[in-house]
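2 protein chains.
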Amino acid sequence: MSLTPLLSPRSIAVIGASDTKSRIGGVPVDLLKRAGFEKLYPINPKSETVQGLAAYKYIEDVPEVVDLVIVAVSAEGTLDQLERAHALGVPAALVYASGYAETNEVEGLARQEALVAFAERTGMRVAGPNAMGNANFTGQIFTTFGQAFQPGEPSGNTALLTQSGNMCATVFRMARRAGVTFSHVINTGNEANVDFSDYLDHLADDPDTNCAVCYIEELRDGPKFLAAAAKFRAAGKLLAVYKVGASEKGAEATRSHTAALAGDSAAYDAAFAKAGVARAGELSALADLAYLHTLGEHIGGSNCAILSISGAAGAILSDALSLAGAEVPNFPDEVQKALDAQIPGHSMVSNPVDLTGNIVNSNDFLSECIRLALQPDDIDVVLLYLPGYFLTQSLEQIEKAAATTNKALIVIDSYAQADQARLAAAGIGYFDDFDRAARAIAAYGKWKALGDTHVSATVTTASWPAFPANRTALSETEGKEALAAFGVPVVHDALVQTAADARKAAGEVGFPLVAKLVSPDVAHKTEHGLIRLSIKDADAAVEAFEQMMAKARSMNVQIDGVTLEPMLQGGVEILTGVTRDPVFGWMLTVGLGGIFTELMKDVQHRLLPVDATGAERMLRGLKGFKLLDGYRGAPKADVAAAARAIAALGNAVLAGSDQLREVEVNPLLVLPEGKGAVAVDALVLLTEAVPGKVEEAV
Amino acid sequence: MSLTPLLSPRSIAVIGASDTKSRIGGVPVDLLKRAGFEKLYPINPKSETVQGLAAYKYIEDVPEVVDLVIVAVSAEGTLDQLERAHALGVPAALVYASGYAETNEVEGLARQEALVAFAERTGMRVAGPNAMGNANFTGQIFTTFGQAFQPGEPSGNTALLTQSGNMCATVFRMARRAGVTFSHVINTGNEANVDFSDYLDHLADDPDTNCAVCYIEELRDGPKFLAAAAKFRAAGKLLAVYKVGASEKGAEATRSHTAALAGDSAAYDAAFAKAGVARAGELSALADLAYLHTLGEHIGGSNCAILSISGAAGAILSDALSLAGAEVPNFPDEVQKALDAQIPGHSMVSNPVDLTGNIVNSNDFLSECIRLALQPDDIDVVLLYLPGYFLTQSLEQIEKAAATTNKALIVIDSYAQADQARLAAAGIGYFDDFDRAARAIAAYGKWKALGDTHVSATVTTASWPAFPANRTALSETEGKEALAAFGVPVVHDALVQTAADARKAAGEVGFPLVAKLVSPDVAHKTEHGLIRLSIKDADAAVEAFEQMMAKARSMNVQIDGVTLEPMLQGGVEILTGVTRDPVFGWMLTVGLGGIFTELMKDVQHRLLPVDATGAERMLRGLKGFKLLDGYRGAPKADVAAAARAIAALGNAVLAGSDQLREVEVNPLLVLPEGKGAVAVDALVLLTEAVPGKVEEAV
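As given, the protein sequences belong to chains A and B, one line each in that order. Position 606 of the first sequence, counting from 1, maps to 606 under the numbering used here, and the rest follow consecutively. Every number in the numbering used here is 1000 more than the matching position in the second sequence, counting from 1.
By construction, these hints were calculated from the structure, which means they are not laboratory data. Note that beta-carbon positions come from the ideal geometry of N, C-alpha and C, so glycine has one too. Check the hints yourself; a few may be wrong.
Computed Cβ-Cβ distance ranges for the label pairs, DEER-style [to be verified]:
#: 1; chain 1: B; residue 1: Arg1632; chain 2: A; residue 2: Pro566; range: 34 to 40 angstroms
#: 2; chain 1: B; residue 1: Arg1177; chain 2: A; residue 2: Gln150; range: 41 to 47 angstroms
#: 3; chain 1: B; residue 1: Gln1150; chain 2: A; residue 2: Asn104; range: 34 to 40 angstroms
#: 4; chain 1: B; residue 1: Glu1060; chain 2: A; residue 2: Gly345; range: 31 to 37 angstroms
#: 5; chain 1: B; residue 1: Pro1045; chain 2: A; residue 2: Asn363; range: 47 to 53 angstroms
#: 6; chain 1: B; residue 1: Asp1364; chain 2: A; residue 2: Glu76; range: 45 to 51 angstroms
#: 7; chain 1: A; residue 1: Pro635; chain 2: B; residue 2: Glu1481; range: 37 to 43 angstroms
#: 8; chain 1: B; residue 1: Lys1021; chain 2: A; residue 2: Gln375; range: 56 to 62 angstroms
#: 9; chain 1: B; residue 1: Gly1510; chain 2: A; residue 2: Asp537; range: 25 to 31 angstroms
#: 10; chain 1: B; residue 1: Arg1177; chain 2: A; residue 2: Ala87; range: 24 to 30 angstroms
#: 11; chain 1: B; residue 1: Pro1045; chain 2: A; residue 2: Gly179; range: 48 to 54 angstroms
Could you build all of it, start to finish, from the sequences and the hints given here?
So this is what it looks like as structure tokens:
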């Protein structure tokens, strides 16, 4: 049901309205009154008037069915008020009270459950509880008890959506200082009924919002977030996110004060990448990204030209941009020559450009340098380092340059003396800090240059066999067979149960070969001596067979037999697996395996679905990719085949989603170019299928 | 010679003094006049007066021998003025003019050389050229043409030392905004005669300076910097450094506008670590570090307790501190229990602490929580997140708490509304940004907790043989022998020249063995097939001998024979080497070799000397250290022995400093614990010894 009655109500009743303007039940009355909101009905059984307005004893006394009730009473009394408002036909409510799931205590948890059940039963949209309320600047509708949002603030096109009331006020103030104006400011509270992604989805459709900046602690529903984010991308609206919990300590602190599922930090990263959101590395970057979006139509990417009156500042900006992931491309020769002709002496002209003190001597000098820096196609942004006096002196020239280009001009004044309003009026960007500027430009430009991030799931006609409910894992042979049906190339093996069969099969497989015990009960076989490599003849194969069977019998595990398979020579071993994140669903991991994955953490993650192009990007994103790319004279590995195999693995997992818990291929042996890649081993863990309860992040 | 006449002159002549206050020759006259500086002599051949002061036609007319001449004339006229001032006995000069080495043109380079020669001949201390001049706030002496530094600014104990005039003004303004006050502000310019480290050395002895914040592009003389930095450490004075050039692009931009040697970025990192400087990761952090040093006596380290009225802010600060390298240790149980008793409901009390809204209800609540948070010995700093109104309300309680503790209290107000002056008066720290606060606290606390960073060189009685001047490399056998003399354990080998000797020696060495061709002309033998592993018997040894000899003959290189040595089984291979940085001298590198070093960049660097304790820290600092520490059930490697071997290698290089270009041991095989570590191969490259020109970073 629509969030319009909640976020853009035409009429509001405040239950628990207070005559004292600073009290929780007084603030919204005061704000709405001052904003000239007309259909405002304070409810207070003990008072005839509230802040000069006629007060109503009970919600039932209000002469119309309001769009929204603000419930500013204690947690104990809230549900009763909601029931009564619902009985009247009120479609939306906002609950301020704390004392719900955020307490992590039995009573609070039960109270929240009751609230959830109420909302589900009635269809009423209930915001909060434990929410600070919202401010709709477009409509000048203030439903918050926060003091940071005041009538009369200019409205704009940025929405602020946070899971913390305090961060709402903090980011709002930061962004206002940069001149950003807002459409909506929303604090989600406990999200018992209306969750983060519901708001996001509403904002994606809101014509007054072209950008949302978000503070996120934990998402309840990953797929819903991805869907709302996709609407933002499709509409060309900026979605910028700061997610707390990047460190173990931060994650721990977050979990302990939210009542949400703890998703994996890597899964959040993968989800944000898939959603094409702009990431804020620190809180202040949210404000900076919203600010840059006000210049957004001019910023095509993060390739920067730097014109600086200080060689030092040029170098500092080059460092800051490079480290933040933006580029400072060298200018083409003709541009460098033209700049060299402009600038006296042999100054640096390749980019960054050292303008030298000459800037104060000539009127046209700067405009000509800007014109030249704007010329190359691969330049998205021209950064001008002109502090204090230098900026004042040349502002007119910059304004003229800005008027004649579609690219962005951004000024850095480290003396923090610029006339912000005048720069804003001319559409010229402004920062006073090198590193904040660089981080914001890099993140924003990267977002802007991002193509379509949508990947369609591959429809496959193959399917997984149905496994009995009591099975928790497949044998290696079963696992490889199942994956092979989905196009994952595997090393085929011969399964034998007797020494005689072992001898015969060994001859057929050829030497050297690998023998492995097959048992659904043993996951890590190497450690138990249940894998033998480099078996050179039939006698050795029989001996290995007998030893492993004896060992397995002593472990008292189910024994399906022993597989014999060719031992492949050469190639590079990689690891690929799919795990299920509680928030976002299936996440694919690719790495070089062993030490590289465990110690060097050199892995790439993506949410499914992933196609072969995406899988190849993951491989190429590994620090150790060179190992696949002809390291030290080795032949190049068949990266394309590996990517196809990885994508096929992902498709297989999606097709078996309701039966699978985790699938890992380790190693996937990537042979030299043209020779393919094969799954040498496969681990398939099953989950009990609970129909209807499985989520997919597709 | 002392820099006192330059930085604290009692009398000054300004050559090229201008009547116009804003001109380069007018600014210092204006500033000094307004500062009430008495012995000021403007020199101007065309004017009777300058800015109301009696002017002198020539320096010879000045009625006293001044301490300092400021030379504000063009580069062409400068040297003549210096000669004349020197003839009068003036001990110091400051040269504003550009047009020297910074142009990177023949004329400018020659001009700088002449200036250097003049200063060396006369002993005059000449600052600049291409310098903006200095401000001595303690003495209110302004020798700068920069407008950022004005008489009447309060003086303090921070010195600002930069290699860029513009960054001087920028950092000064940033730090002033935070309330930092200065003793000296110094811009070094081209450092033709007085270089960065000369200033640093002077400031180390300056009683009015307890902290120097520095902007560095390139250092000319690494050992001099290290010596000055050691004086800072010994005096307990903070030395904080921002070094530009962390990215390739930034380094390139820096090189192109300085005339200094390009040291390796890793060598700078190693030097700063050795010097025990506090690193500023971004320019603004210089201001923040200077600011924290004003609270410095209270900050013992970077272990933080967080008290926050917002759970979100607690989590954000935990993230920011952890990512910056600070700790947020869990409180002991008794402190958690006591906090739990204070805070209504089940709030988070382990650290961070969520104070909840209760803070507005009780007077003693916050002081009690602060008292508890200060209790654990491992807490250095208590961070209080109290924005806007919450801070105003509780400031008195915080002031009281600050008065009764020696630890630091730092307030974060993300609404940026705090009364900075009142907080400063109470010795309470203040930041308005989470991440800036965290970075600064982490860097400052780490600096403060740092022990003695001095390592003495080990005196060794061993020495290198004298090699003929035409040799550029030692054979592996020679290299290992030479290193063995310094205590580096090596695999001893048998050198043979005939097949018969090879057969005999192989029997003595034992099997399996490794055979290697010995030639000073082939550095990377594996690639040429000149190393054979796993030789299992005497016949194979002879065959390998003959094949390698034939191959070497076909390559037409000098052949010293073939070595046979035992092939050691087990152990972990690491790489260690020493290279010479043009600025800082000998730098030791330790890594796991091969892919880990080349692709994963998992290496540690230190400047020599390094003792065994330092070498072990390097090994433990590797991401891949677990490979040495019993990875996946392997035996632990003899890390202590490896550390001793690495330290011995460093000592060997220092002892042979004037003959060596580079030494590498790869691999150093680290055997299981108790079994030692041995150099399997050694590469020793020689340089032509030029006596007197070799620098050592000892």
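Cross-check of the supplied hints:
1. B:Arg1632 to A:Pro566: 34 to 40 angstroms: Roughly 26 angstroms apart at Cβ, these two residues miss the hinted range, so it is violated.
2. B:Arg1177 to A:Gln150: 41 to 47 angstroms: violated (27 angstroms)
3. B:Gln1150 to A:Asn104: 34 to 40 angstroms: The hint (34 to 40 angstroms, Cβ to Cβ) is violated, given that Gln1150 (chain B) and Asn104 (chain A) are roughly 56 angstroms apart.
4. B:Glu1060 to A:Gly345: 31 to 37 angstroms: holds (33 angstroms)
5. B:Pro1045 to A:Asn363: 47 to 53 angstroms: violated (32 angstroms)
6. B:Asp1364 to A:Glu76: 45 to 51 angstroms: violated (28 angstroms)
7. A:Pro635 to B:Glu1481: 37 to 43 angstroms: About 39 angstroms separates the Cβ atoms of Pro635 (chain A) and Glu1481 (chain B), which means 37 to 43 angstroms holds.
8. B:Lys1021 to A:Gln375: 56 to 62 angstroms: Cβ of Lys1021 (chain B) to Cβ of Gln375 (chain A): about 40 angstroms, so the range 56 to 62 angstroms is violated.
9. B:Gly1510 to A:Asp537: 25 to 31 angstroms: For Gly1510 (chain B) and Asp537 (chain A) the Cβ distance comes to about 29 angstroms; the hint holds.
10. B:Arg1177 to A:Ala87: 24 to 30 angstroms: violated (58 angstroms)
11. B:Pro1045 to A:Gly179: 48 to 54 angstroms: holds (52 angstroms)
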